[in-house]
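S.K.: Okay, here's what each chain looks like letter by letter:
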Amino acid sequence: MKDVFTYLIGGKAGQGIMKAGEVAGNLFSMLKRYSFQVNEYPSLIRGGHNFAIVSSCVKPVFSFYRDADVIVALDRRSYEIHKPHLKPRGLMVVNEGDGEGLGLPIVAESRKYQRSDLIQGVAGVAVLAAFLGVPEQRFQEFLKEAYPKGAEENQAYAQTMYGLTKAKTSPRVVSQGSKPMRNIVGNDAIAMGAAAAGLDCYFSYPMTPTTGILHFFASNADVLRLAVMQPENELAVANMAIGAAFTGARSMVGTSGGGFCLMEEAFSLAGMIEAPVLFVLGQRRGPSTGGPTYTEQADLFFALTPGQGEFPRLVASPGSIEEAFSLAGAMLNLVWRFQTPGILLTEKHLAESSMSVDLDPDHVPWVNPVLYAGSEPYERYRQTPDGISPLAFPPSSQVIKWNSYEHKPNGWTTEDPAEFTSMHEKRRRKQESLVSFLRTQKTVNTYGDGETVLFTFGSTTLSVREAMEYSDLKVQLVQPIFLGPLPVWELEQYRGRRAFTIEQNSTGQLAMLLHDKVGMQITGSILKYDGRPFEPTELAHQIQEVLR
Amino acid sequence: MTRDLGTGAENTWCPGCGNFGILNAMKKAVPLLEKQGISQEGLVIVGGIGCHGKIMDYLNLTSLYAIHGRGSAVAQGMKLANPELSVIAFGGDGDAYGEGLEHTLFAAKRNSDFTLVVHDNGTYALTTGQFSPTSAVGFKGPSLPKGSVEPPLNPLVLLLEVGASFVARGYAGHIDHLASLLVRAVQHKGFSVIDVLQPSVVFNNSFKEYNALVRELPSPAASVEEAIRLAKVTEYLPIGVFYEVNQPVFHERLYGSWNPVVQRASQIDRRKSLRKMVTP
Chain A
5 MKDVFTYLIG
15 GKAGQGIMKA
25 GEVAGNLFSM
35 LKRYSFQVNE
45 YPSLIRGGHN
55 FAIVSSCVKP
65 VFSFYRDADV
75 IVALDRRSYE
85 IHKPHLKPRG
95 LMVVNEGDGE
105 GLGLPIVAES
115 RKYQRSDLIQ
125 GVAGVAVLAA
135 FLGVPEQRFQ
145 EFLKEAYPKG
155 AEENQAYAQT
165 MYGLTKAKTS
175 PRVVSQGSKP
185 MRNIVGNDAI
195 AMGAAAAGLD
205 CYFSYPMTPT
215 TGILHFFASN
225 ADVLRLAVMQ
235 PENELAVANM
245 AIGAAFTGAR
255 SMVGTSGGGF
265 CLMEEAFSLA
275 GMIEAPVLFV
285 LGQRRGPSTG
295 GPTYTEQADL
305 FFALTPGQGE
315 FPRLVASPGS
325 IEEAFSLAGA
335 MLNLVWRFQT
345 PGILLTEKHL
355 AESSMSVDLD
365 PDHVPWVNPV
375 LYAGSEPYER
385 YRQTPDGISP
395 LAFPPSSQVI
405 KWNSYEHKPN
415 GWTTEDPAEF
425 TSMHEKRRRK
435 QESLVSFLRT
445 QKTVNTYGDG
455 ETVLFTFGST
465 TLSVREAMEY
475 SDLKVQLVQP
485 IFLGPLPVWE
495 LEQYRGRRAF
505 TIEQNSTGQL
515 AMLLHDKVGM
525 QITGSILKYD
535 GRPFEPTELA
545 HQIQEVLR
Chain B
3 MTRDLGTGAE
13 NTWCPGCGNF
23 GILNAMKKAV
33 PLLEKQGISQ
43 EGLVIVGGIG
53 CHGKIMDYLN
63 LTSLYAIHGR
73 GSAVAQGMKL
83 ANPELSVIAF
93 GGDGDAYGEG
103 LEHTLFAAKR
113 NSDFTLVVHD
123 NGTYALTTGQ
133 FSPTSAVGFK
143 GPSLPKGSVE
153 PPLNPLVLLL
163 EVGASFVARG
173 YAGHIDHLAS
183 LLVRAVQHKG
193 FSVIDVLQPS
203 VVFNNSFKEY
213 NALVRELPSP
223 AASVEEAIRL
233 AKVTEYLPIG
243 VFYEVNQPVF
253 HERLYGSWNP
263 VVQRASQIDR
273 RKSLRKMVTP
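Protein chains in written order, with our numbering: chain A, 5 to 552; chain B, 3 to 282.
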């Protein structure tokens, strides 16, 4: 069994919980250990119950684990909620008087400092460092970098907490890995992948869970040389991105289901005028406002069919943070190669979780569309065998006409039945070219080996991989990276095998898709729709149940 | 190089429509702009959906024929990505003041550097004459046969209030005057809007009324307050530039004098910056 060390810190919003989780992950990186960090928080700014879990191992770890070696409860509620999940030899640290375990004056001490609420997260990190036996000097240097704001106060407060923990516990020294690690959150991986492919403009209206992409680009706009804008609403977001693409700018937008509803008319516009725009759709729990800060995979069908009319479209969903990075770049390339809108479908669990990854910007290709060479008068929608018409951008000696009405090759409006037919056929040929191209690409990931096939998509892949490793399950996991067009040519080989889907929705949308497109008979589905990601030990148990 | 500005596409506006006045004013304005150093090659026009939008097919200029109400958003995306371009968005009153009012107001608020030309005919002509945001109370159309019960918006007052840096009213019946307004609006650095009184000969034929009421303003108002007062005048209809002021433009406030498309980061530089972010 995998030797995983899990740390949990819980408290109210405003106590620096998520930051402490991130810093704890970096502390494991300093020890050259892999880690996976997940946050759970309600949709509010003060109060409620927040927690972060960091699971760490000398081998790659793809999920958090529920049972913890160290729990730091900054309030009574956190103590009550997480008490059942302390491992037998684990350490429970509470704010003095808020429960049983090692009581530390976390709140009382914090009152000595200016940022007295936010600083409490620092206590959680100091406890972990002391318990892991990280030498104090090394820890303090680490802390200065991790919390640059108010460094002196943090240092003094951390010193007290570190000292008390060290005096009252015997350290649990964990084994160290062999190479330095870098923890990256899903949203940043998506942003960096698109940037590596040559992104020029990012437009977004803030919405969980993709707000992190907007913040990443905003804070790195100068160094990456990108234009970043927060317009008045998602209608403006999508239409501005189309306007930017018209000038040759590689453009991306990010949103969640509700925002994407508003973008649908522009999505169809992009299909008609053949505008290359990449839409990041981060799923959260719906319908409607739903559970805005919780995860779900219920927008698969929504992502496959938005917008009126028939036009080529791409939908792909990353199964890991490395893949979020490479796929964001690949999708930006694809939408430019085929001049059509695409959706990078992800979910809260990937967008806002971080893990130790190796990302290589040198392996992401730079967008390289088919350009007008200037030998004949320009026609925006020139009929070509593969349906792809060369692009030209203003300023130009040529007249370039993009048109939301059905159009002649030169871009003028038409209502002629023969031209209606031929333009539909042009877009159909483009779709066929897209499928031919995808046949040469990696479109499906598989893991493990066994008679039974488990199908999943998106970040649930991470949970299933961890469950398979945890319980040494003899199954084959198949994850279609592309969901539209679905790589039927890769999936047909599994027809006739005993197959289950594992999904974070209540209706089994992937099972329905595989049945409709591949003719697969799915034996059953493991579905979770409580807004929380699968936990690997529980999931392993559920898989074993269905395998029986 | 001056191109022929007509396309030869079949014109489907009703004979005598005010839209012809706007089309002809554009054909006069483009060569004048060229003389001022604004080339046709870098001039881009955007249209929404409505009778006004057909101007996309009739002007031999680079264009994006967008969807109802979103023209100003598309135009702002263009300008943000390549500030070297001169962008004119055409819209109808239903388009710019109804379906897409938020884009119009925010473009003015942030002083995005493009020109919005509103073909304001006070009716939804392409959908057979329903009332629009600028229709008068009592205006009869197929969706309110007894007459509109909503008072009209005053678009100029609204745009002056949110900080538009160039606000004008033109008249489709005064083509030379409108052409000169177009030239000034495109030359203006920042958001410029021309609300064009545009009679719809079939659904709202106001030529006679406008011919009697329009009066050219000698010069812009000295203050926003004065411009707002002028925009509320109904005894006659002032046309011309109501207000003009120099204000910092949005894209320059956002990222300075840079051009995202023309001065795009090289692949080598991008990779170098990213490598620093992903290395342990």
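Hints are not guaranteed to be accurate.
Restraint-style ranges between C-beta atoms, simulated for each label pair [as the list claims (entries may be wrong)]:
#1 A/A422 with B/K191: 15 to 23 Å
#2 A/R142 with B/Q265: 37 to 45 Å
#3 B/K210 with A/F305: 40 to 48 Å
#4 A/M516 with B/W260: 19 to 27 Å
#5 A/S179 with B/N261: 47 to 55 Å
#6 A/S179 with B/W260: 47 to 55 Å
#7 A/E436 with B/N261: 35 to 43 Å
#8 A/Q163 with B/P282: 56 to 64 Å
#9 A/D366 with B/N261: 43 to 51 Å
If you're looking for bench data, these hints aren't it; they were derived computationally from the structure. For every residue, glycine included, the Cβ atom is placed at its ideal position computed from N, Cα and C.
S.K.: Which earlier hints can't be squared with this structure?
M.R.: 1, 3, 4, 8 and 9
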